[in-house]
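Peer 1: Let the hints inform the model, and build the full structure from the sequences given.
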Amino acid sequence: MATNAAAPPTQRLHRFERPALTGVLVREVVNFSSYWRSSTFSSTVEPTIYLLAFGFGFGSLVSRVAGRPYVEFVGTGTVATAVLFSSAFPARFGTFVKYQFQRTYDAILAAPVDTEELVTAEALWIATRAGVYGCVPMLVAIAFGLNPSWGMLVVPAIAWVSGFGWACFGIMIAGYAKSIENFSYVVSAVLTPLFLVAGTFFPISNLPGWAQFLANFNPLHHCVELVRHAAFGFRWWDLGRLGALVLFGVLVWRIAIHAMQRKLVD
Amino acid sequence: MTFRCPRRLYDDQLVNESTELAIRLRGAVKRYGAITAVAGLDLDVPMGTCVGLLGPNGAGKSTTMRLLTAQSIADEGEIEVLGFLLPAESKMARAQCGVAPQLDNLDVTLTVAQNLLVFAHLYRVGRHERREAIERALVMAKLVDRRDTRVDKLSGGMRRRLLIARALVHRPRLVLLDEPTVGLDPQVRQELWALIDALRSEGTTILMSTHYIEEAERLADTVMIMSHGKAVATGPPHRLIDEHAGQEVVEVYGSPARLAEVETEAGAAGLRTRRTGTSISILGVDGAGSPVEGERRPANLEDVFVLLTGEEID
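Going line by line, the protein sequences match chains A and B. Counting in the numbering used here, the first sequence runs from 1 upward without gaps. Counting in the numbering used here, the second sequence runs from 1001 upward without gaps.
Don't read these hints as lab results, they were simulated from the structure. Certain hints may be false.
[What the hints assert, rightly or not] For the chain B half of the interface with chain A, some residues (derived, Cβ under 8 angstroms), not all of them:
no.	residue
1	Thr1069
2	Ile1073
3	Lys1091
4	Arg1094
5	Leu1110
6	Ala1113
7	Gln1114
8	His1121
9	Arg1124
10	Val1188
11	Gln1190
12	Trp1193
13	Ala1194
14	Asp1197
Remember, predicted model here, so these are calculated numbers, not experimental data. Cβ atoms here follow ideal geometry from the backbone N, Cα and C, with glycine treated the same way.
Peer 2: Below, the structure is given as structure tokens:
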């Protein structure tokens, strides 16, 4: 009988392959063409409003913080806010909607793609967006007087590394959440405290000793400090901060894969 | 059809050309807590044939489909798809399968062509073959003039055709169709049957789950009737009908009391009966004749199904 079927493939497929990552990324990029306006708006306007509100609001009361004009201090700090808003938040909702309502992941996993590849590609894409969106508050701050420096060229990379971790964090939360309402607990109990004690709007050094110690476990704080040092001059211990971001990313990446494997394969 | 055990895949041989079975399940069991969705299922799907899984909702058809893509992992038993042992080698099997799910999971904000493009990438269609692959899928699903239409602007029938086209974009050796026409009106269902029949005639192996008797009877070379996660009968539709219901059935209408009398009389004559709402059907009357008069009609797969499972079906 004549067959329409393709010839069998001549290569064995392995775990964690580039074509599988590419396939998922292509889907994201093609989809992005239909919603980039709203996504870009929400991911850039909100941190910019924080920057302007705090920069000019507090800036009128507090002229200098940590030896810098307040608008420069907060302008570099809100890069981390933009990264958080453009990675953890869309990762949580996007992942939940894709597996629970749209059943997109069922379709993808019926193709030669594993959960590990799916989660990784999704996180890579969100991190890439965070790398771009994260720079917007800094560009706005430059327009309001922040002096450009060569170190700022590495800010997209810092935002990317941080964004990868937060994207995986969002996917992990979606993987463990039983309903979309559960996200409120995470926002109130985890993200808001991390956001407020990251050193974005005021220096951590003003907090009690125990809070300063705990801030070392806050990835957002390391992102804030790295961006600030990229703008004003790196310190040798920034390598430790980068290491902390990488460690955070690797840890939540593996947990996110585990959570999604449980959710998608029964 | 004989089954030869596939050569293991530790060497460079990637596809067992000698296997004649596209799917082989032996004693597959899948439990969800206290519920056993698939209860020791054996299933053979020979290459180049269309096999229909027929059963009511909850019979275990969709779970069986998920087992074949390793989206569900069997608690017991052995599963081979295209010679690959699942779940360990499922990626190789999935690369050569196409799946059209029961639930529409298309990207609705993308166009028809964009949906196919995404899956051409996911199924690793080569860069130079992608355009041709998309064209071929569009032609097969009769969606050529809709290529630039967003999915959320398509009718239900077109979306279902696109789901099948998406499953075919990489020219799979095996196609899994999970309830391909559920919820569609009769005319659209006919269109999809024509599409599935075209696939069948081209030699693509198809495993199709359905709860429509007519669909299974028209399209499947072999039907497996499932109930409560088990196969209760397997064979070509006409053979199942001959074996279990005979060639003719007498249908008797009347009051509940009259139907009860007919049931007793038929039982006394050694004939099997089944209730069909306001009537009773007496099966296997071709040789023995009927103890009561009624409307004669050819036996069908529904008679077999109800007889074997005691359940009514759409």
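Peer 1: All hints are to be evaluated individually against the structure, with a verdict given for each.
Peer 2: Tested hints:
Taken as an interface hint, B/Thr1069 checks out: its beta carbon lies about 5 angstroms from the nearest beta carbon of chain A, inside 8 angstroms. The restraint placing B/Ile1073 at the interface with chain A holds, with a minimum CB-CB distance near 6 angstroms, inside the 8 angstroms limit. Interface hint at B/Lys1091: satisfied, since its Cβ lies 5 angstroms from the closest Cβ of chain A, which is below the 8 angstroms cut-off. Interface hint at B/Arg1094: satisfied, since its Cβ lies 5 angstroms from the closest Cβ of chain A, which is below the 8 angstroms cut-off.
Of the supplied interface hints, the one on B/Leu1110 holds, with its beta-carbon coming within about 6 angstroms of a beta-carbon of chain A, less than 8 angstroms. About 10 angstroms separates the beta-carbon of B/Ala1113 from the nearest beta-carbon of chain A, more than 8 angstroms, and the hint is not met. Restraint check, B/Gln1114 versus chain A: the minimum CB separation of about 5 angstroms is within 8 angstroms; hint holds. At a threshold of 8 angstroms, the smallest CB-CB gap from B/His1121 to chain A is about 4 angstroms, leaving the interface hint in force.
Using the Cβ-Cβ criterion of 8 angstroms, the hint placing B/Arg1124 at the interface with chain A is satisfied: the shortest such distance is roughly 5 angstroms. Checking B/Val1188 against chain A by beta carbon gives a least distance of about 21 angstroms; that is not within 8 angstroms, so the hint is violated. Annotation: B/Gln1190 was flagged as interfacial toward chain A, and the flag is violated, the nearest CB pair being 22 angstroms apart, outside 8 angstroms. Hint status for B/Trp1193: violated, given a least beta-carbon distance of 18 angstroms to chain A, over 8 angstroms.
At a threshold of 8 angstroms, the smallest CB-CB gap from B/Ala1194 to chain A is about 15 angstroms, leaving the interface hint violated. Violation of the interface hint for B/Asp1197 is found here, the shortest Cβ-Cβ separation to chain A being roughly 13 angstroms, above the 8 angstroms cut-off.
Comparing the model with each earlier hint shows violations of hints 6, 10, 11, 12, 13, 14; every other hint is respected.
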